[in-house]
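Mind assembling these two chains? They're in different frames, but the hints should get you there.
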Amino acid sequence: MTTHSIEHNATGIPTGKLAMWLFLASEVMFFAGLLGAYIVLRAGVSWPNPSEELNVAAAAINTFILLSSSMTMALGVAAVHKKDLSQLRLFLLATIILGTAFLCVKGYEYHLKFEHGHLPGTGLFWDCYFTLTGVHGLHVIIGILTNVWVLWLTFRDGFWARKSHLVEISGLYWHFVDLVWIFLFPLVYLI
Amino acid sequence: MTSKAVSYKKYGVIWAALIGLLAVSTFFSHLPISKTAIIGLIMLVSLIKAGLVSWYYMHLDGEKALPLWIVVIFPFFLIALAVAMMLIGLAVFS
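Protein chains in written order, with the working numbering: chain C, 1 to 191; chain H, 1001 to 1094.
So that you can see chain H by itself, here it is in the shape it has in the complex (with noise of 0.2 Å):
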């Protein structure tokens, strides 16, 4: 198999791990569960989702400069702590 082949189908199996993580975040949605579980389920889901498209499509995979990282993790870490906090908040008190 050639190189070319093989770089392909990572990208069609991160697609088809992606369409799958969709179809599992809607079925989630309608679980006869708790909101905040659902919540916690759906948002799980979701950060993977978001891992598997920066890792392997934008390329995070192979990136080793240092400063692109601090760059890049540090706000999105901080972000997701306020959003995830702000959320768990939304279960709490609604």
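So that you can see chain C by itself, here it is in the shape it has in the complex (with noise of 0.2 Å):
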């Protein structure tokens, strides 16, 4: 056994990293799953412009922050290859404040969305947009939760013989989210 604790399984991948792959597998077709019924509810009905009732600019400097975040992570993941310690936390940090500022992002235009009276259960499209950045809004806490709790690793004993992998792992998970969010934006804003 080496100094590491990583698992290897049959398939010469570390048995974390495949069960994260699996697992992201399977949230491609859960979201999948919920775009398609966009699509399929947005077709034949009448749709309104969505420049016009969203708000577009938020909505790009949330893609912007989104896209930034992934690349901090992975010059954390990075950092964990040269086995820099202060530069992993400073990257985690970084990525962990970006997911937040989204997410406040997110909470203004909700917030002014709920001044105008649009609220789940309001209108079809209403329930698409709120639905569609809901579900990717409790992903992206998710995301947060887990960097903090590996950023919080990074500061207990034995980080780099048995937890340093977990980077790469929470770093998969953070840039599935900005995957999601990458089609979600043209999707619900754009088109």
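All the given hints hold, so there is nothing to weed out.
Label pairs and their in silico Cβ distance ranges:
| # | chain 1 | residue 1 | chain 2 | residue 2 | range |
| --- | --- | --- | --- | --- | --- |
| 1 | H | ILE1073 | C | PHE114 | 37 to 43 Å |
| 2 | H | LEU1047 | C | LEU22 | 18 to 24 Å |
| 3 | C | LEU85 | H | LEU1060 | 23 to 29 Å |
Treat the hints as calculated values from the structure; they're not laboratory data. All C-beta atoms in this analysis are idealised placements derived from N, C-alpha and C, irrespective of residue type, glycine included.
See below:
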């Protein structure tokens, strides 16, 4: 056994990494179901122009934030490969802050919609908007909490020996959250 | 230049490309062309963005394990196909 506690299975892929990819594959199917329902619901009915109903600028800023957070997460994984603890903490913290900023912008957007009386249950357009962005927002919250947990682990004894592989696994989840938004942004706000 | 600087620079270049593509997709949504063409162009840009994130940030560029490719690529391909067909349907029938 090496000093690392990463378990490998018959595939040769670290078990945690393989499990995360399998989970992400199931998540792809989950979001595909949601997006599929959204597209089918839109077809054949009068649909408002999203750019007139929604705040495209806020969504574009959020896309910028999430794309930037993907970069800081990737840099965090690179810092693990270089065994640079201070940079790893810095990039994890940056990812957490950017994720929180995304939620703040989203919360502001929701606040404006609520003020105008646009709530879930007030029409198909708003039902779809709140469902798709709400479920994605829930994934962002889970990703932030996971990164906070990983950041906390970097301050614990034995991080490099037993836990450093969790940065890559947590990163895969975070990038997936970004991938979903890459498709949600144009489908909900632009098209 | 150290390997650290090169590695970090690569991620910065990918980030710049992603931000550029974000601007491009927003620009496409305002073009005076048919809705079908706008949907096609914007989804193409989204696919390129998703490809950059998965290839470089999720490190599929260095992934050689065949089982992982089967697990990852197969569902992604099927889903992309299904969503693309539904989008075409939306553009044609709406």
